[in-house]
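Since the structure of chain X is provided, determine the placement of chains B, V and W on it from the hints.
Chains as they are written, first to last, in our numbering: chain X, 277 to 673; chain B, 277 to 673; chain V, 277 to 673; chain W, 277 to 673.
Mixed in with the good hints there might be a few duds.
[To be verified] Restricting the straight-line Cα-Cα distance to at most 25 Å, the calculated cross-link-like pairs of lysine-lysine (PhoX-like) are: (1) W/LYS560 / X/LYS662; (2) B/LYS662 / V/LYS560; (3) B/LYS560 / X/LYS670; (4) X/LYS554 / X/LYS505; (5) W/LYS339 / V/LYS670; (6) W/LYS554 / W/LYS505; (7) B/LYS290 / X/LYS670.
[As the list claims (entries may be wrong)] Residues from chain X shown here face chain V by an in silico Cβ test under 10 Å; the list is partial: (8) GLN556; (9) PRO561; (10) GLU566; (11) VAL568; (12) GLY569; (13) PHE570.
These are calculated hints, taken from the structure and not from any lab test.
Being a predicted model, the structure only gives us computed values, none of them experimental.
Where a beta carbon is used, it is the ideal one built from N, C-alpha and C, also for glycine.
Given next are the chains, with one letter for each unit.
There are 4 protein chains.
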Amino acid sequence: MIDFSLSPELEDLKARTEAFIRDVVIPYEGDPREAAHGPEDPLRRELIKKAREASLLSPHVGKDYGGLGLNMREMAVVFEAAGYSLLGPQALNCSAPDEGNMHLLEEVATETQKEQWLRPLASGEIRSCFSMTEPQGGAGSDPNMLATTARQEGNHWVIDGHKWFITGFDGAKLNIIMARTADAIERGKGATMFLIENDDPAIERVRVQDTMETSFAGGHCEIRFHGLKVTPDQVLGEIGEGYRYAQVRLAPARLTHCMRWLGAAQRAHDIASRYAVKRQAFGKPLAEHEGVGFKLADNEMDMHITRLATWRACWVMDNDGEARSESSMAKVISSEALFRVVDRCMQILGGMGVTDDTLVERLWREIRPFRIYDGPSEVHRWAIAKRIASRTRKAMA
Amino acid sequence: MIDFSLSPELEDLKARTEAFIRDVVIPYEGDPREAAHGPEDPLRRELIKKAREASLLSPHVGKDYGGLGLNMREMAVVFEAAGYSLLGPQALNCSAPDEGNMHLLEEVATETQKEQWLRPLASGEIRSCFSMTEPQGGAGSDPNMLATTARQEGNHWVIDGHKWFITGFDGAKLNIIMARTADAIERGKGATMFLIENDDPAIERVRVQDTMETSFAGGHCEIRFHGLKVTPDQVLGEIGEGYRYAQVRLAPARLTHCMRWLGAAQRAHDIASRYAVKRQAFGKPLAEHEGVGFKLADNEMDMHITRLATWRACWVMDNDGEARSESSMAKVISSEALFRVVDRCMQILGGMGVTDDTLVERLWREIRPFRIYDGPSEVHRWAIAKRIASRTRKAMA
Amino acid sequence: MIDFSLSPELEDLKARTEAFIRDVVIPYEGDPREAAHGPEDPLRRELIKKAREASLLSPHVGKDYGGLGLNMREMAVVFEAAGYSLLGPQALNCSAPDEGNMHLLEEVATETQKEQWLRPLASGEIRSCFSMTEPQGGAGSDPNMLATTARQEGNHWVIDGHKWFITGFDGAKLNIIMARTADAIERGKGATMFLIENDDPAIERVRVQDTMETSFAGGHCEIRFHGLKVTPDQVLGEIGEGYRYAQVRLAPARLTHCMRWLGAAQRAHDIASRYAVKRQAFGKPLAEHEGVGFKLADNEMDMHITRLATWRACWVMDNDGEARSESSMAKVISSEALFRVVDRCMQILGGMGVTDDTLVERLWREIRPFRIYDGPSEVHRWAIAKRIASRTRKAMA
Amino acid sequence: MIDFSLSPELEDLKARTEAFIRDVVIPYEGDPREAAHGPEDPLRRELIKKAREASLLSPHVGKDYGGLGLNMREMAVVFEAAGYSLLGPQALNCSAPDEGNMHLLEEVATETQKEQWLRPLASGEIRSCFSMTEPQGGAGSDPNMLATTARQEGNHWVIDGHKWFITGFDGAKLNIIMARTADAIERGKGATMFLIENDDPAIERVRVQDTMETSFAGGHCEIRFHGLKVTPDQVLGEIGEGYRYAQVRLAPARLTHCMRWLGAAQRAHDIASRYAVKRQAFGKPLAEHEGVGFKLADNEMDMHITRLATWRACWVMDNDGEARSESSMAKVISSEALFRVVDRCMQILGGMGVTDDTLVERLWREIRPFRIYDGPSEVHRWAIAKRIASRTRKAMA
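The shape of chain X in the complex, shown without the other chains (with noise of 0.2 Å):
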């Protein structure tokens, strides 16, 4: 029956979390080491040093493999309390994209990949990326563009093609590539991933991308395959189902980006807060002006409904569920309201928001792309209209 309260142990993570975040983490806010494409690996392992020693690594990751063998909702609860500081994820072990891929490698791969891969990830000892999105706008949100080939030459496969923001790439050892393994795409079907250790010199890294935002550790790289050879073992999961396990994927994470972006928010959102019943304007506190107190009130409405919109989806989840519309619907309302408390932060802090004096402005160039990664609004809103057209159509049959 509908319940919104958490269980003690999860009241009791997410206290320990917040302290941590508190505590431990935020004062690393400012270190030298946050560098402009991410923390740089030192500080990333000192802080995954302070989570293992505080038992709140890999949160995600499966007991056996050394994670806390979270749930989605109550990964919600405590990547939320993590992303309270751009370095909480990253402390945690639980930023994008290897949050995504150990979660991809446990569903799918073999008992051998995990030991290999798997297992390192969950302790933070090395870090991955995952090879999808492509220049031309192969395997972005139309999959039939897809152009990253993997021939087959014996008993091995061969893989050329370039791609493009790929998160993570400098500095990780594990590389999944997503490549075309058949003519035509069909059904979902025709692509294959595979697990690719990064130091092939068959890999080129063109160039790292300049983005506005910097939290992901290794940033986002320009990426060319010439010829690189793979064998059977290197396959994750089954021959052409690729975009099958990238669905397994990206739903979930596309929800832990809601999570963490949530924290975000609400940082910015209490610095704003802060300033507004401080700083004085006309005679009395900023906070005390209805143009002020509107925007804080939005603000709470926004992060309460990008909470509920992924507590949802996140519950479907738990219950074996597909969430394609919840997951989509979350997504869209988290990206687009997160936007907004921290545009409207930005304009409560009047001249100070656009400095880097506090965190907003940085927060607020952290959050925009997230209307664009993992499905720009648009696509969603489209897939969305489509499950409701097919559905009013079944319905008037």
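Below, chains B, V and W without anything else, positioned relative to chain X:
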């Protein structure tokens, strides 16, 4: 733990309500007795008889008084289903203001008062109204402006005053009247509620108010009290506690509006969806135009956040929480989201949307006042803002 | 050179129109002859008589035919002033659809046709309607769906078809009918317009359509043509050029809606502003609450952009430009901005705003269809988008 | 009479400016001397040299001082063209804050002061800054909070205070300082402006402020005055009139921001339009998707209303009007509309939009502060609201 499932009993009740609305109630739509100021009494009684036969009458009232004894979350599900027809809440005897009045009586009235008023209300035998709002803003958003007074004379009270927007006054037997019983209204104390039989000649019906919505039985009236005499047994609860009881009544009443209007918006959305898959423009159905599809998707999301925010506030109340912020948030979110839904539906229907060829035009008029009734969005935003400021000040202390 | 001044003559005409509306027309508001489907003819004639006496009749018609001979920019100023009362355009004889029909006749009709139809229309002696829109979308946004046909039989034409939203049909003497005269409608050719006297028994009045707006004289009707015989002298302009003439009529007609509704929105804004400075809440007038003041400011800005965009399109037309994009932009900007204005006014008025105690409730219903009539926002947005794409392609070539 | 044409001379100037930006300025974009806090001085001087050769330097300055002597409407056209490159205003020597400072000097300074400061500013030889804003809100939205003081000592003044957001401070030779010269600031009196050479050791450069925009030469600095001595000839205008002069400066300066940012938004729109006609998705160019086309159409409308509102305010000023409301409206309309434009452009570009592969990402950051600088939207809305209330009260009196 976070859960969005419905109990099997509730699933069954929901299904039976949906079937009842579809098979029994909707055929009554367009009945000539659906008058300009809500359904006429014979139609109302006929609908109530059907609901009683279907064991769906008064879902919100305790079983002792003939209702179904649902908690708030259960009501959320059933009222939404009932709202799918504007006649549905009348049939189930859960329309405003009766529904809120029954709840108030159940919580505050003496056993004698309950027998006298709650029992016949719950059976649909009589109707009631709630006299709080005043033309000069009294007892509206700002409690201190309450101008109607009840002054003690011997062991009686004498009420003088002027009220308007007294929903359901025409035909109501019970009138619950809010009046000032102290010179100053401070910290929520100083007003009292009285249970009055409406046929007292000291109650003047000034006029019926022509509002753009027409679904409330008895319309809205402007009335005056001219030395209305009241005996001590007509006092509801304790002297001076009127504002506290108003909250007892309003917090859930606000949410039941969200529930019913959600069902109504769903109706508009279904009408627009069916039109969109049938109607052709520029060589394909409307639904295959992104401009239309995106609107349908936004509708779905707006109904989603309405439902979730409402359920959340209900859950707090079911757990004895005050849900002040949750209830304000649910009210603002719902009233604004649902108006957007019907407005989009109207736009999708094109010219037909502004005629009475479909129900959408009427729903558009019916739902708009919800952004004003029970506290306009601005007053709720301000209440939310004040809580944020107060919470922030505490955290900074 | 860029100039926003009005000529002294126009300033004078504006002032006289404002005074006429204020002193002569507004006192007629609430006249019982203001019926559910627009003012009844005796009221209309009485108003027209007053306008003739004030030398304000038919501002848009050439002086040869009894009008004031204004250009589009001059009309913009005068029609805005007229729109301040919903009866104003009726009085000045510049309501839709007559105003657009007169313009069409002035541009396209023969001298004989002008004497027969334009002269009595300009004097307000008769009314007219324009039969274009069809229930299945014909002649609406997508020209190719026009289903009404005129087939040649000897030297006559015979019209069969089905129209709806025929504004002003009841009581109109002239009916301008658009019918398909070719199998295919290509590059805007293939449809023809006819000037028909409405008392022909081959014209069936199916029903009046109940729309939420009620200010158009004669309401909107659904009609059918059953083998309506037409002689060659009843053809307007050339055979096959109906769509070109429709543009001649629609581009300015769209703008005159912007002008009139701007005046109407100003009326709502004035009502709300007066209420806001008088009504107290929380210890000060509403207008001193930022939540209300910001709404008034937004109103002012929305009316500002409406006026400017309309003037701009008028200027292009006065200089023989087609103003396709400017006219589409003015229509979308105005119809959306002005609805926001009246919606904000309603919210400011609170409960009273949803009653007929002020004119705002009616204005809110009257203005909403403008986002649909004369091409819904979506169709205009698409037309603008196609021009951007085409212009961009040329620039890149 | 209402006219939107440009004089032939202005058309020519516009075309020459557009060509200059396209052929001369844009090739400099990406020059390494475009530093984090605006272009370095050598780059600025090189651009100014080119503009002088093209007879385009200092369009806003009178011909006596080496400028083009344009009025506000002419500036609107030329500055928009200049804004198409972020380096354009630097080249034409019409960036903030110099452009506004030159205007202020031209209006208020003595001939001697003009020779000393205006002439070298107009030639681009030196730069200037304007020290008004203070960290605690002084001289920001609320004049009464001005904390910097100038106290008289003998026939000198001594300035102490703290300023921030002093745009262009680094490298500026002239510093125009606003300080309190009376105990109370009432009815706009009590503050005075001083013309100070920036190399005075009593001026401390506390730090450069890292803002998300980077196009202002010299960045923004926080500074302090420690007993800065000022001689009487350094007083600008009259003692006590600082706030009046601030209006002389700010009202047009606000509009020149609208002009320049309009050009910048047009640049983003052109980039997005080109991408939309080239890039394929789901079997057709992006521009043929309504979801994208509607955004392009909305961009066009948002730029349309920006241009019109700006021109309108300029026309009032050119006719010696105060344009207080028009200038506030133009500022709010433009700053909000233009941010929507670049935000939509970013969304259209998808992943590429959040990288520095196109200029859009930078433009998005550059334009956002305009909703805050020169009075946040909220302060202008309030100013507009107060005028509505005051006008309404008068009309009701």
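Okay, the hints, checked on the actual structure:
| no. | hint | verdict |
| --- | --- | --- |
| 1 | W/LYS560 / X/LYS662 | holds (18 Å) |
| 2 | B/LYS662 / V/LYS560 | holds (18 Å) |
| 3 | B/LYS560 / X/LYS670 | holds (18 Å) |
| 4 | X/LYS554 / X/LYS505 | violated (62 Å) |
| 5 | W/LYS339 / V/LYS670 | violated (39 Å) |
| 6 | W/LYS554 / W/LYS505 | violated (62 Å) |
| 7 | B/LYS290 / X/LYS670 | holds (21 Å) |
| 8 | GLN556 | violated (16 Å) |
| 9 | PRO561 | violated (14 Å) |
| 10 | GLU566 | holds (4 Å) |
| 11 | VAL568 | holds (8 Å) |
| 12 | GLY569 | holds (9 Å) |
| 13 | PHE570 | holds (6 Å) |
Taken one by one, the earlier hints fail for this structure at numbers 4, 5, 6, 8, 9, listed in ascending order.
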